[in-house]
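Given chain A's structure and the hints, the job is docking chain B onto it.
Protein chains in written order, with our numbering: chain A, 1 to 482; chain B, 1 to 482.
Worth flagging that the hints you see were computed from the coordinates, not collected in a lab. Predicted model only: the values in this text are computed from it and were never measured. Possibly wrong hints are sitting among the right ones.
To be verified - Here are a few chain A residues that face chain B, going by a calculated C-beta distance under 8 Å:
#1 35
#2 37
#3 40
#4 45
#5 48
#6 68
#7 71
#8 72
#9 77
#10 96
#11 97
#12 99
#13 102
#14 119
#15 132
#16 159
Note that the Cβ used here is the ideal one computed from N, Cα and C, for glycine as well.
There are 2 protein chains.
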Amino acid sequence: MSTNKNFIKQITKRSEDFSRWYTDVIKRAELADYSPMKGMMVIRPYGYEIWEHIQSNLDKMFKDTGHKNAYFPLFIPESFLKKEAEHVEGFAPEVAWVSVGGDEELVERYAVRPTSEAIICSMYSKWIKSWRDLPVLINQWANVVRWEKVTRPFLRTTEFLWQEGHTVHETPEEAQAETLKILDIYKTFAEEYLAIPIISGLKSDAEKFAGAKRTYAIEALMPDGKALQAGTSHNLGQNFSKAFNIRFETKDQNLEYGWQTSWGVSTRLIGALIMVHGDDSGLIIPPKVAPIQVVIVPISRGDWKETILPESEKIMKALKNKGIRVHLDDRDTYTPGWKFSEWEMRGVPVRIEIGPKDMEKGQVVLVNRINREKTFVKYENIFSELSNLLDNIQNNLFNKALKYREDNTSTIDRMEELIKSIEEKKGFVRSGWCGNPDCEAEVKQKSSATIRIIEDKKDLKLSKCLVCGETAKKTVIFAKSY
Amino acid sequence: MSTNKNFIKQITKRSEDFSRWYTDVIKRAELADYSPMKGMMVIRPYGYEIWEHIQSNLDKMFKDTGHKNAYFPLFIPESFLKKEAEHVEGFAPEVAWVSVGGDEELVERYAVRPTSEAIICSMYSKWIKSWRDLPVLINQWANVVRWEKVTRPFLRTTEFLWQEGHTVHETPEEAQAETLKILDIYKTFAEEYLAIPIISGLKSDAEKFAGAKRTYAIEALMPDGKALQAGTSHNLGQNFSKAFNIRFETKDQNLEYGWQTSWGVSTRLIGALIMVHGDDSGLIIPPKVAPIQVVIVPISRGDWKETILPESEKIMKALKNKGIRVHLDDRDTYTPGWKFSEWEMRGVPVRIEIGPKDMEKGQVVLVNRINREKTFVKYENIFSELSNLLDNIQNNLFNKALKYREDNTSTIDRMEELIKSIEEKKGFVRSGWCGNPDCEAEVKQKSSATIRIIEDKKDLKLSKCLVCGETAKKTVIFAKSY
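Same shape as in the complex, but just chain A:
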């Protein structure tokens, strides 16, 4: 047990210093590491495998709704970025510029893509001629670069991995439907796979994407009371199609500009799941995206290599064959106690222990990472009990996070109360808003909270704007954010 305690010391307790715990656990669990370049991280295999599960599941959801993947160039000529006025204004301060290629000074410098609207729209203007070419439903998995001043692993890094969808439609209604369809996919994915409860909705103009007509987002509440924007879906209207001349012949032989959307989620999702589910002992990774769903730790005493180890291997193979992601920790250089806390820290949802007495009884012990509850299970029931336990853990993680969010969402109709609530308990604040950007700005200035989303339906009880007292046109959620 002494190794066990020593080991725990290496990670700051989450309850003591959330921010420090976050970076500690990322390094110690080998999810990511800092690179020698400021703000750029290395995603290590254990972290990358979470991304692979995010990618494969989301990719399936995109394909099931008719989207296809493609790949567009990393570099974008400066003049292209400038075609849409708001877009360049939003992104120019964050761009990394290439000015030399193969020892030659470039005539025009290239932006390393901060997002790909500009290059993709320039291609769409070549490809799209007729309504028969529509809709275009293309997604790209790629790296992007944004020169950030303050960075944190997964949450905000100079380079990150993401997917960006870029679609073109015949009508504004279709573009709007696509925008909402994707928003719904993001919400469903975050809730069902990452076990993160989501509020989703429209952004205010102050918070929308540079160049979009309307931005929708999924937002999640983090345990430090701050909101994290975890994905966005933009209705671009005709802003980009006009800037890039994406025109098509309509069914009645007129020329019209295409109606566009774009949408993305990134490796930031990994940051969200780390924050939402972890505890003082380290990570807790939701089973559906866990690189290792169950770790088998044989109790290494006496002749365990001849007895318990072969039995553990049998169990491992049987589970692997049934599609469980299982790891057998057969190292003899560490004690079982050390291994228990190591794999707890790394967030493996279930541990299977098997010792000499268990073997005699033909059983193993399943240990739940959330509450360390033990269940004794006969060999023949391991798969079914384990499957149930993994489902339970997935659901419990979601329910715990949902309860936390509910406990930390207040409905407030006066400015002073909002300021107090944001300062003292943080969390989400539901309020009425008149729709005036000045009122929104005042809240931000006085509390540093911003409108995270505008709710679909107005809450009639919140009849007045919490700032100016005029009639509330909308119900909104305020919070401090990452």
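Coordinates of chain B only, in the frame set by chain A:
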């Protein structure tokens, strides 16, 4: 039929102008398109889906042999690139440089990765301390940039997609075994999935990777008689571990530098499969990596929408459920004849035709893309017959390409003959070589052919160097190359 003929005219015949056919078919089949940036292509969904099948199958082979994926930064500080002398010499002329980030001039400019040895080794030197940390078996799927003067879609582009494996081992023997294991995976993959026959082996020093101790490659013969290097596996020895100080404590408590390998294949593989299998009518994509394995073309006459179309949909769903990648071309804006040649051009291995008479007989027609042979098949046998046909096509493509390579490989023991053979019929030339780089250089100068690989075993009949007449130490394959 007139549309049909018009259409065919849009692609140069492969037999008339191979090089022109290649770029025609890529554009017309929508595999890729030129971007506004010189030498950078856009991989369109139909081309990208081939890459997805390459990726998922290769990835499985890597994982089955113990490798894990990770992600390292896109940017590499100039000083890192310079640490391994040969490495920087080889890559510096091809590098794109970032010198401004977010409106600030960088203190040290960053290379956009042309390959990732430098950044990965800098991380490995932090992570690897002991023999217990070895082997490190990491792969990365990523984009890389090399500023090329002459570019061709898929074959040589300023940016391309690839995977790069980077491993570290305890002993030189393990590193060598890894190098050959990967070479074997590449050969197996190219032959079994891409239906491209491979010769594989060691490169001469003149052709090896900048910084490697030994480079091995897989090489394929293209229909214009030129060789294409389709993948490389490098034994790096301790070159990089010394430059980047990757040291570990050995089992007997000494300090030793790690033994490394690196290896990669890229989107160039798509170029290879286009060239090897296509014909005058367009692409032929091997079934195992074809985005569409079978296209159903209903014969659109009379009341086809009420009769043939629903039947076609039933067949499509049944095949889809069995895991076949099937597309139903139900457009009513094109004739069946136009569709036949469209899908032939796009290289779909099998077409299913279904017309009114077929329906009466409860049958469909399967058409083989290679030879247009038709088979009439009863509904209940479609899946089994189709599966057989897809297997046959996969095998026939390989066998055709193998026969071509065998027909175009000569064994030659005199320089003049080699020059003549390379000039007149091109292809591979097997010869004896004394091992002297001067003789190798002379062949290159006189014939522009280079040593593609050194064969594992010496052919005793080729006892003399074809240049100097001294004793041949090795049997080598010469060819012109891409």
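Hints breached by this structure: The structure conflicts with no hint, since it agrees with every one listed earlier.
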